[in-house]
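Visitor: Each chain, written out:
2 protein chains.
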Amino acid sequence: MSEALRLEEAVAILERTPAAVGALLEGAPETFVRATEGEGTWSPYDVVGHLAYGERADWLERARHILSGDPRPFTPFDRTAMFRESEGKTLGELLATFAELRARNLTELLELNLGAGDLVRTGRHPDFGEVTLGQLLAAWVVHDLDHVAQIARTMAKVYAEAVGPWSAYLSILRDRQK
Amino acid sequence: MSEALRLEEAVAILERTPAAVGALLEGAPETFVRATEGEGTWSPYDVVGHLAYGERADWLERARHILSGDPRPFTPFDRTAMFRESEGKTLGELLATFAELRARNLTELLELNLGAGDLVRTGRHPDFGEVTLGQLLAAWVVHDLDHVAQIARTMAKVYAEAVGPWSAYLSILRDRQK
Numbered sequence: 078m079s080e081a082l083r084l085e086e087a088v089a090i091l092e093r094t095p096a097a098v099g100a101l102l103e104g105a106p107e108t109f110v111r112a113t114e115g116e117g118t119w120s121p122y123d124v125v126g127h128l129a130y131g132e133r134a135d136w137l138e139r140a141r142h143i144l145s146g147d148p149r150p151f152t153p154f155d156r157t158a159m160f161r162e163s164e165g166k167t168l169g170e171l172l173a174t175f176a177e178l179r180a181r182n183l184t185e186l187l188e189l190n191l192g193a194g195d196l197v198r199t200g201r202h203p204d205f206g207e208v209t210l211g212q213l214l215a216a217w218v219v220h221d222l223d224h225v226a227q228i229a230r231t232m233a234k235v236y237a238e239a240v241g242p243w244s245a246y247l248s249i250l251r252d253r254q255k
Numbered sequence: 078m079s080e081a082l083r084l085e086e087a088v089a090i091l092e093r094t095p096a097a098v099g100a101l102l103e104g105a106p107e108t109f110v111r112a113t114e115g116e117g118t119w120s121p122y123d124v125v126g127h128l129a130y131g132e133r134a135d136w137l138e139r140a141r142h143i144l145s146g147d148p149r150p151f152t153p154f155d156r157t158a159m160f161r162e163s164e165g166k167t168l169g170e171l172l173a174t175f176a177e178l179r180a181r182n183l184t185e186l187l188e189l190n191l192g193a194g195d196l197v198r199t200g201r202h203p204d205f206g207e208v209t210l211g212q213l214l215a216a217w218v219v220h221d222l223d224h225v226a227q228i229a230r231t232m233a234k235v236y237a238e239a240v241g242p243w244s245a246y247l248s249i250l251r252d253r254q255k
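Protein chains in written order, with my numbering: chain A, 78 to 255; chain B, 78 to 255.
Next up, chain A with everything else stripped away, as it sits in the complex:
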């Protein structure tokens, strides 16, 4: 049931993600934290690093880019930067970084005092061209939820065989990273 973006609602979802991801993963068994869905897929640990890096280099920076009126495309975002950036860091450190940067970014977002007119301002995405600030903020929310679902799916697959015949009823075991 698709809805228009309302800034205060988007912020209300964005501010929940660190706690939701932390509740799933903080102190969870390594078997689940480091599981992947197979070669070339990400573990929950990798996903948290990706979310934390996105707070430094992706969403809010692009919002500022749009508001600055800069006509150049956004700097492409490195989706796999966390394989380098997370090196040597514990899951707890990455979760803390994500939570801290997210809180700071949402404070800064609210300080921009965006009005309805700002949400239709446009910038240039390196892949698909013209996008609005409202679309960027909606994508930030959906991106969070996509990764929450990915973490749950990856953890579920640890027991893909252990569930035996129940797999018929547990469709998540057949979903894949796309």
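Honestly, the hints are just simulated from the structure, not real lab data.
Built from N, CA and C at the ideal position, the CB exists for glycine as well.
A few of these clues could be false.
Partial list, computed: chain A residues near chain B (C-beta under 8 Å) [unchecked claim]:
1. 89
2. 90
3. 192
4. 234
5. 242
Guided by the hints, dock chain B onto chain A, whose structure is given.
Guide: Just chain B now, with coordinates in the frame of chain A:
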């Protein structure tokens, strides 16, 4: 990467679910809590009711059934009981019930002092026949994670159109309830 079930790991995941679901939903905008994926699909509110009802009528009860040696099939579980059981209850009430029953059930599960020999004991599922206690416990874990992913997916779809061209990169918007 599929692994064998270890009881203490299964419990470690099961005990996180109420906090994870609560972090996603408690105090979240109604637009997201009551959203569905379309006709015949469940809202996050419905899913929480389903999880709470499962603590009363499904998983631990079936574990006890197996351990009792009763050769009769398990009582079929009513997957849509929450449409009746949740009536008049707030999301906060359902979350609290889920958290309370889950904590009590895990305490009782641990008090059973299950050994490796118990995990291969069998019972009869009404649909697919012989199942082991270990399979039941693994299915309990995966069932939780399946519904966490479902909640995230349903919330994401609220902004299915608001994301504009970003939908190309947000595959969760194309996943469906199966």
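Visitor: If you take the shortest Cβ to Cβ gap from residue 192 (chain A) to chain B, is it below 8 Å?
Guide: Violated. Min distance 17 Å.
Visitor: When the nearest CB of chain B is found for residue 90 (chain A), is that gap smaller than 8 Å?
Guide: With a closest approach of 6 Å, the residue 90 (chain A) hint holds.
Visitor: For the restraint on residue 242 (chain A), tell me whether the closest CB of chain B is nearer than 8 Å.
Guide: This interface hint holds because 4 Å falls under the 8 Å limit.
Visitor: Please check whether residue 234 (chain A) passes as an interface residue: C-beta within 8 Å of a C-beta belonging to chain B.
Guide: 7 Å, holds
Visitor: Is the interface hint satisfied for residue 89 (chain A)? The criterion is a beta-carbon contact with chain B at less than 8 Å.
Guide: 5 Å, holds
In terms of the numbered hints stated before, the structure departs from hint 3 and from no other.
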